[in-house]
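*Asks:* The primary structure of each chain is shown beneath.
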Amino acid sequence: MNTLAPEELKAQADSLWADIQARQPLKPADRAKIPVQPMPSQPADVRRHNIQEVALGYSESQALVEANRCLQCANSPCEGGCPVKLPIRQFVGAIAKGDFDGAIGLIKTSSLLPAVCGRVCPQESQCQKFCTMGKLHKDISKSVSIGNLERYVADRERLSGKAAVPNVAAPTGKRVAVIGSGPGSLACAADVRRAGHEVTIFEAFHKFGGVMVYGIPEFRLPKSIVAAEVEMLRRMGVELIPNFLVGRSCSLLDLLEKEGYDAIYIGTGAGLPHFMGIEGEQLVGVFSANEYLTRANLMRAYERGKAATPIPESKNVAVLGGGNVAMDAARTALRLGAENVHLIYRRSMQEIPARAEEVAHAQEEGIQFHLLRNAKRILGDEKGLVSGIECLCYELGEPDASGRRSPVAVPGSEYVLDVDTVIVAIGSGSNPLIRQTTPGLEFDAKGRIVCDDKCRTSLPRVFAGGDIVLGSATVIKAMGQGRVAAAAINELLK
Amino acid sequence: MNNTDYTILDKAQLSENVYRMQVHAPFVAKRRQPGQFVLISVDGEFGERIPLTIADVDVERGAITLIFQKVGYTTGQLAALSVGDRLAAVLGPLGKPTHIEKVGTVVCVGGGIGVAPMHPIAKAFKELGNKVICIIGARSKELIILEKELRSFADELIICTDDGSAGLKALVTQPLKELCEREDKPDLAVAIGPPIMMKFCVETVRPTGVPIQVSLNTIMLDGTGMCGGCRVQVGGETKFVCVDGPEFDGLKVDFDGMMKRLQTYRAQERRMVECHNEHGCNMLKQAAAVEAMQK
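Quick mapping for you: the protein sequence lines, in order, are chains A and B. Everything in the first sequence is counted per my numbering, starting at 3 for the first residue and increasing by one. Everything in the second sequence is counted per my numbering, starting at 399 for the first residue and increasing by one.
Possibly wrong hints are sitting among the right ones.
As a list, the in silico DSS-like pairs of lysine-lysine whose alpha-carbon atoms are at most 25 Å apart [claimed, not checked]: (1) K176(A) x K456(A); (2) K583(B) x K567(B); (3) K385(A) x K658(B); (4) K317(A) x K658(B); (5) K521(B) x K409(B); (6) K428(B) x K209(A); (7) K448(A) x K409(B); (8) K650(B) x K494(B); (9) K260(A) x K494(B); (10) K496(A) x K110(A); (11) K260(A) x K428(B); (12) K539(B) x K494(B); (13) K658(B) x K378(A); (14) K637(B) x K385(A).
Residues on chain A that point at chain B, a partial pick, calculated with CB under 8 Å [as the list claims (entries may be wrong)]: (15) F277; (16) R297; (17) M301; (18) P434; (19) R437.
Think of the hints as simulated: they come from the structure by calculation, not from any bench. For each residue, glycine too, the CB sits at the ideal point set by N, CA and C.
Build out the structure end to end from the sequences listed, making use of the hints.
*Replies:* Structure follows, in C-alpha cells:
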C-alpha cells in the first residue's frame, strides 16, 4: 500500500500530467506505462486513533493521470461488471480530458449516489475486475481505479456547492410511500419524485440514510456525504418522516387504503442479525455487529463524554466474520481504544468477502487476522462477563457444490483467546415485522420478499428492493433495484 | 403526516422519582394497544434511545401518557423537561400487543413503576368481562402509583408495601401465592415490574399450574429487531424483546441471564449519573428477602 503523503502523490501526479499533456496523443502502450495512482490516505498509526475518513481522495492531477490510463475499449468490459451499468468509459474519458462537470453528469444518468458508491462499492469484483488494463498487467490492482475517479468527480461537485437540484416534472397528484431510507429507498424516491409524484420516505430511526448512517462508519463514509444526498431529496420536495416504523406506527396496507398512497416501495433492508448459536452468546460483552456499529456510528458513542449511549470500554476484542461489516466493527473497536482486535474468519484470505481495500486497511491498522479459525464457544466469568473465546482451527477440504473449498474442522485444535468483547458479524436475516403485519405479501423460505424483475411483489402497487429482497447485498445493488422499482412505479402511475 | 412534534402537553410528579408525562404523538396514540411501548430520545444529536411503556392514550388530543422513573441519565434528562418542551424522538407503538381474551379470572401484579404498563392491560382484561384482581407493590405508601385508577375497575385491589405503610407489609408474591393456592385459583397471572419481582412471581405460580405472562424491559437501541441488544433466552431460544415481545410466557424466561445482561452498562451509567439508584439496591434487598422466605 501507498505510504507517501498526499502532497508527494500530488507532486508526482503533477509532473506525470505535464508529461502526458506533452505526449498527446498517447498510444495504448504509453497508457499502460502510466503508474496506478494510489489513494492518498491517513497514515495507519494516526488514523487508528481517530474517526475521520481514511482515504483522502485524489488531487486533480491524480484524477487526470489515472483517467489517462483508460484504454477506452470499444466494448467497455468494465460496464458489464457494474450493477447499474454506469457509462464508465465515457465518464473516465471525460475526466481524461479535464471535463469534470461532464463526467459527473454522465455518472448521474445511472447513479444517484456516486460519492457513496465510489467509496463503498466492491470495485475489484465489479467494474475493475473486467478492466483491460488490469488484464494487460495480469493484476487486478492495476486496473483503472474507476471507483476513485467516481469519488473524485462526485466530491468535486459536492464541495463546489454547485450540485444542481434535479428537475421535477409537473405535479401528477399521485403519492408514493417509500419505506426505509437506505440507498435503494433514496434512489427510488429520487426517480419517482422526478416524474412529478409526491414522495414520502418513512424511516424508523431519527436520522436518514439507513445502513449508510448506522452501519458504515464515519472513517469509511463520512456522514456529511449521506446528509448532503438526503438534503438534495428534500430540496426536490421529497417529504422525509423520521421515527416512523411501518408495520407498527401504521400498517403497510393502511398506507394504501387509508393514507391515500398510490404505490409503495419497501426498502427495509436485512435487519435481523444472525448469531452463531454457540455457548456463551448471552454473556455480557457479546454484541451483534449491528448493535456495536449503531452505538458507535448513529448514536455517536465514539464521542465519549458527549454521547448518552454507552459502548463498552473494551481492551481485547474478537470479531467473528470476514465481510465488510466485520472489518468495520474491528476497525471501530480499535478506534474506540481496544489494544488487541482479533478477526476470526473460517475460510482463508482467498475467500474473504470484504472489499480488498478494507482488508488491507485493517491489516495496516493492526487488526490480527485468525484465518481458517472459528469460534467454538464464548467463555464467561462468574458475573456473566465475557472472559475469552475458544476457537477451533480449520483446513480447506474438497470443493463444495459452490466450487469453494469448504473448511473442515481440525479435531483437538482448540485454543483460547483472552477477550472481553465479542462482536458477531456473520450476516443478517430478514426482519419479520413487515411479514408479520402484511397479509398477502409473499416471502421466500428465508423471509425475503418475492419480486419479479421489475421489483413487483405479490401485492398490487407494492414494490420492494435491496436487502429485503436480495439478502445481504451491497449499496450499489440496492440502489440499482430502487431505480428498477421506480421505473415500474412511474409506469404504473402514468 | 407531520409526526415529529413531540411536545410535552402535561407533566406531573407521582412520587419521589416517578413522573407522568403526556406527550404529543398522534400516530402512536391512534395505533397503540395495551402491552406496547415507545422508544424515546431527549437529545437528537447525542441522546440515547430508551424504551418506555405507554401507560395511557388520549386519541383526541393525539397524546400518549408515559410514566417513568428517574433512574439513569436519560430518564434524568427527561424528568428535567417541562410542559411545552419537545422530545427529540418518539417511535412506536412497538412490540406485540398483549393477547387479551376472556379467560375467567386474571390476577395482575405490578411492582414499582411496572404498575404503569400493568394498568392498561388489567383494564383491557376487565373490559372483556374477566374478573380482575390487581396486586401492586411499592417500598412505601408514597411510592404507590395509579391506586385510584386501578380501584375504579378492579374487582379486588391488594396493596403491598415493604414497610407496611399501606396495605399489607409483604412482598407481592405473598398474596399471589395465596390466590394461586386457592381452590378457585386464577386462570391467568400477569406480572410486570422489576426483573427480580417477575422472576419470583413466576416461581410462586409455577407449582400451582397458573399460567403467567411477563412483560420484559431490556436494553434496546433501535426497537425494530435490527440490533439484537434486547435478546433474551425464552424456552432455550434466543428471542428479541422488541419484535418477539415484550410479553413472554414467564415460565420459560431465563431471568438470571436477562438480569446479567441488564447490568451491561451499569458502571458507565453510574458514572453518567451522580445520583444513587436506590431503587435498584432495594430490589436486590427484596430479592434476598424473597430467597430467605422461600428457604
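*Asks:* Please flag the earlier hints that this structure goes against, numbers listed from lowest up.
*Replies:* 7, 12 and 19
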